Amino acid sequence: MLFQYGGSVLDMCVLAIVAKNDTYGYKLTQDVKKVLSVSESTLYPVLRRLTKEHLLNTYDKSYDGRNRRYYSISPEGKEKLDLFRKEWKHYIDQINLIVGG
Amino acid sequence: MNKQQYIEQVHFYLKGMAPKDISDAIVYLDEYFEEAGVENEQKVIQELGTPQQYAQTIRADVISSSPPPPPSQNIKQSNKTTWQSISILILGIFALPIAVPLIFVALILIFTVLLVFMVLVFSLIIVLLSCIFSFFLLVFRFFSTIGVDMYDSLYLLGTILVSCGSALLTYYAIKWMVRKGLPALSHWIAQIYQRLRKKEVR
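Going down the list, the sequences are from chains R and D.
So in the working numbering, spot 98 of the first sequence is number 116, and the numbers just go up one at a time.
So in the working numbering, spot 91 of the second sequence is number 100, and the numbers just go up one at a time.
Simulated from the structure, these hints should not be mistaken for laboratory data.
None of these values were measured; they are calculated from a predicted model.
All C-beta atoms in this analysis are idealised placements derived from N, C-alpha and C, irrespective of residue type, glycine included.
Hints may be right or wrong, so weigh each one.
Only pairs whose alpha carbons sit at most 27 Å apart, straight line, appear in this in silico BS3-like list of lysine-lysine [claimed, not checked]:
no.	chain 1	residue 1	chain 2	residue 2
1	R	Lys104	R	Lys70
2	R	Lys52	D	Lys52
3	D	Lys12	R	Lys79
4	D	Lys29	R	Lys79
5	D	Lys52	R	Lys79
6	D	Lys12	R	Lys52
7	R	Lys45	D	Lys12
8	D	Lys29	R	Lys45
9	R	Lys70	D	Lys29
10	R	Lys51	D	Lys52
11	D	Lys24	R	Lys70
Partial list, derived from the structure: chain D residues whose beta carbon lies under 7 Å from chain R [to be verified]:
no.	residue
12	Tyr37
13	Tyr41
14	Glu43
15	Glu44
16	Glu56
17	Leu57
18	Gly58
19	Tyr63
20	Thr66
21	Asp70
Using the sequences and the hints given, assemble the complete structure.
Next comes the structure, spelled out in structure tokens:
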């Protein structure tokens, strides 16, 4: 992967994944890693920040005798994701104007 | 390193953060290892990086996302530091009767050593000059007595050689003192100065 993914792109991807299905740290990391080249350690800070900003909610659920912390999107998170999508489309259009394709 | 050691080390490097932040991070990490499975333990450790690096990413994010501390805390802290500096000042004033004579003694010591060194070099230069002077004088005397008195000229020849040798010796002594002694002396003085400063700072 040629491009570096800074804070907001990663935030948007995590919000989009969680919006589809509630998920937990390990699965989320694997899902993001399939598409973007991020290191395994980068997802925790993102999840933590999004939770602190109340864009994500967490709940614990036991699975196979151990605990899993699930992340779900909050109403504010959905709003933020919509905003992200709009901005992203605009951004892509602008970049395409320069790069063409 | 196994999972347990890894988590313990991350825990160590997170010290100083809010307990809730630490426990959240540890819970997440523990769960992550569990999900990856025991067979992938080493792989996960490798991908997460060293415990220090991992802790660093969490720390960096917490610092950037946490709001600045309330101002009341800041004032308290600055009060503490001014109080500290005042107490250090008072301590310094009380220490003055001891510190001033001590510094004075050190200065006198340095001055004396410098003086001794200079006097030594100066006297050696005088010896060198006198040796050179007497050498020429003796040579002149030697040529004027040659053929007149054999014992006299032999004696003079001996003293010429002695003055020649002592001139060379003193020349090398001066050279050695200036080349080696001077840098050593300045180094020594610098050391003493630094030690004094360190003590004052303490």
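Hints and how they fare:
1. Proximity of R/Lys104 to R/Lys70 is assessed by CA-CA distance (about 23 Å); at most 27 Å being required, the pair is judged to hold.
2. Under the criterion of a C-alpha separation no larger than 27 Å, the hint pairing R/Lys52 with D/Lys52 is consistent with the structure, at around 16 Å.
3. Of the pairs offered as hints, the one joining D/Lys12 and R/Lys79 holds, with about 22 Å between alpha carbons and a cut-off of 27 Å not exceeded.
4. Taking the CA atoms of D/Lys29 and R/Lys79, the gap is near 20 Å; set against the 27 Å cutoff, the hint holds.
5. With a CA separation close to 26 Å, the supplied pair D/Lys52 and R/Lys79 stays within the 27 Å bound.
6. Between D/Lys12 and R/Lys52 the CA atoms are separated by roughly 24 Å; this keeps the pair inside 27 Å, and the hint holds.
7. For the hint linking R/Lys45 to D/Lys12, the alpha-carbon distance of about 19 Å falls within 27 Å, and the restraint holds.
8. Of the pairs offered as hints, the one joining D/Lys29 and R/Lys45 holds, with about 23 Å between alpha carbons and a cut-off of 27 Å not exceeded.
9. Of the pairs offered as hints, the one joining R/Lys70 and D/Lys29 holds, with about 12 Å between alpha carbons and a cut-off of 27 Å not exceeded.
10. Proposed proximity of R/Lys51 and D/Lys52 is supported: the alpha carbons are some 15 Å apart, at most 27 Å.
11. Straight-line distance between C-alpha atoms of D/Lys24 and R/Lys70 comes to about 20 Å, which keeps the hinted pair within the 27 Å bound.
12. The interface hint given for D/Tyr37 is met, as the beta carbon of that residue sits about 5 Å from the closest beta carbon of chain R, less than 7 Å.
13. At its closest, the beta carbon of D/Tyr41 sits 5 Å from a beta carbon of chain R; the interface hint therefore holds under the 7 Å criterion.
14. For D/Glu43, the interface hint holds, since its Cβ comes within 7 Å of a Cβ in chain R; the closest pair sits about 6 Å apart.
15. For D/Glu44, the suggested interface contact is upheld, since its CB lies about 3 Å from the closest CB of chain R, less than 7 Å.
16. Interface hint at D/Glu56: satisfied, since its Cβ lies 4 Å from the closest Cβ of chain R, which is below the 7 Å cut-off.
17. With 7 Å as the threshold, the beta carbon of D/Leu57 comes within range of chain R, its nearest partner Cβ sitting at about 5 Å, so the hint holds.
18. The interface hint given for D/Gly58 holds, since its Cβ lies 6 Å from the closest Cβ of chain R, which is under the 7 Å cut-off.
19. This hint holds: D/Tyr63 has a C-beta 5 Å from the nearest C-beta of chain R, less than the 7 Å allowed.
20. With a cut of 7 Å, the hint placing D/Thr66 at the interface with chain R holds, because the nearest CB-to-CB distance is about 5 Å.
21. With its C-beta approaching chain R no nearer than about 4 Å, D/Asp70 sits inside the 7 Å limit, and its interface hint holds.
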